[in-house]
Amino acid sequence: MSDPVFSRLSSGRAPVPSQIDTSVPSIARVYDYLLGGKDHYEADRQSCRTMLEAVPETPLLAKANRAFLRRAVRYLVGEAGVRQLVDIGSGLPTAGNVHEVAQRIDPEVRVLYTDNDPIVLAHGRALLPADETTGLIQADLRDPDAIFDDPETRRLIDPDQPFAVLLGGILMHLEAEEDPDGVAARIRDRLPSGGYLMASNTCDTGEPHARDLARAFAEGGMGSNCFRTREQQLHYFDGLELIEPGLVPNNQWRPDEDFPDPQNPAHALHIGAIGRKP
Numbered sequence: 513m514s515d516p517v518f519s520r521l522s523s524g525r526a527p528v529p530s531q532i533d534t535s536v537p538s539i540a541r542v543y544d545y546l547l548g549g550k551d552h553y554e555a556d557r558q559s560c561r562t563m564l565e566a567v568p569e570t571p572l573l574a575k576a577n578r579a580f581l582r583r584a585v586r587y588l589v590g591e592a593g594v595r596q597l598v599d600i601g602s603g604l605p606t607a608g609n610v611h612e613v614a615q616r617i618d619p620e621v622r623v624l625y626t627d628n629d630p631i632v633l634a635h636g637r638a639l640l641p642a643d644e645t646t647g648l649i650q651a652d653l654r655d656p657d658a659i660f661d662d663p664e665t666r667r668l669i670d671p672d673q674p675f676a677v678l679l680g681g682i683l684m685h686l687e688a689e690e691d692p693d694g695v696a697a698r699i700r701d702r703l704p705s706g707g708y709l710m711a712s713n714t715c716d717t718g719e720p721h722a723r724d725l726a727r728a729f730a731e732g733g734m735g736s737n738c739f740r741t742r743e744q745q746l747h748y749f750d751g752l753e754l755i756e757p758g759l760v761p762n763n764q765w766r767p768d769e770d771f772p773d774p775q776n777p778a779h780a781l782h783i784g785a786i787g788r789k790p
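Mapping of the sequence shown onto the numbering used here: residues 513 to 790, in sequence order.
In short, the hints are calculated from the structure, not lab data. Check the hints yourself; a few may be wrong.
Claimed, not checked - Below are the SDA-like pairs computed for lysine to any residue, each with C-alpha atoms no more than 20 Å apart in a straight line:
| hint | residue 1 | residue 2 |
| --- | --- | --- |
| 1 | Lys550 | Asp652 |
| 2 | Lys575 | Arg557 |
| 3 | Lys550 | Thr562 |
Let the sequences and hints guide you as you build the complete structure.
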């Protein structure tokens with residue numbers, strides 16, 4: 513990559529922005545580690561170790577969240593007929609990316625990825641296709657208008673036609689003062705009639721496992737308010753029609769063979785849903 517802001521690591525991995533402080537854990541890299549990826553650093557691994565000490569099933573939750581995302585995309589494209597997807601907080605590219613799942617059903621589906629982590633942008637530029645149907649921007653969930661008004665978004669997404677916004681495991685990382693309900697509301701406002709919102713997040717079940725993992729998230733730099741109750745998270749879908757079976761543990765949402773260890777009780781700690789705007 514010719515941009516001077518990038519430097520290639522001696523390990524041979526994809527270019528990483530040289531100004532990034534890899535001594536600070538990154539949500540995207542932590543998630544990559546839990547999914548079995550290789551693009552992470554000691555600070556990310558230490559954060560994960562804290563989580564694993566609290567709840568050893570934490571990688572299971574990350575994998576189940578990813579499986580839910582794939583099933584959601586298959587529903588949106590294959591059943592609901594959506595042909596435009598905006599994946600906010602997309603994280604590092606991995607197997608079974610949104611565009612791969614969607615375009616396996618219809619090659620003309622347009623997908624916009626967005627993340628606020630420059631490392632995601634670097635890896636995405638190197639690994640994602642640069643074509644007329646797939647794009648990537650660096651932007652922040654906390655400023656939805658900047659996402660939807662970006663020229664690349666406008667190139668790919670027709671705001672007057674139904675599109676779906678994917679929020680896979682990202683609203684949970686907003687602190688209370690960052691107003692996750694308000695962020696979700698601003699995203700819903702940008703959806704046209706027939707548009708969809710998908711969201712999945714960790715859940716406060718009131719059980720010791722949830723409290724322990726919430727503490728580990730906070731200690732690991734992932735946010736101090738990641739575990740909200742199901743009732744709190746229902747507000748993300750205010751004004752939308754929830755697609756059956758509603759807001760449920762990820763492995764209970766239209767299950768198929770694509771989720772790990774379906775009977776593990778830890779699955780209750782991560783819930784998701786899709787809502788449709790009338």
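Each hint tested on the structure:
1. Lys550 - Asp652: violated, 24 Å
2. Lys575 - Arg557: OK: lysine 575 and arginine 557 at ~17 Å, within 20 Å.
3. Lys550 - Thr562: OK: lysine 550 and threonine 562 at ~19 Å, within 20 Å.
In this structure, only the earlier hint numbered 1 is contradicted, and the remaining ones agree with it.
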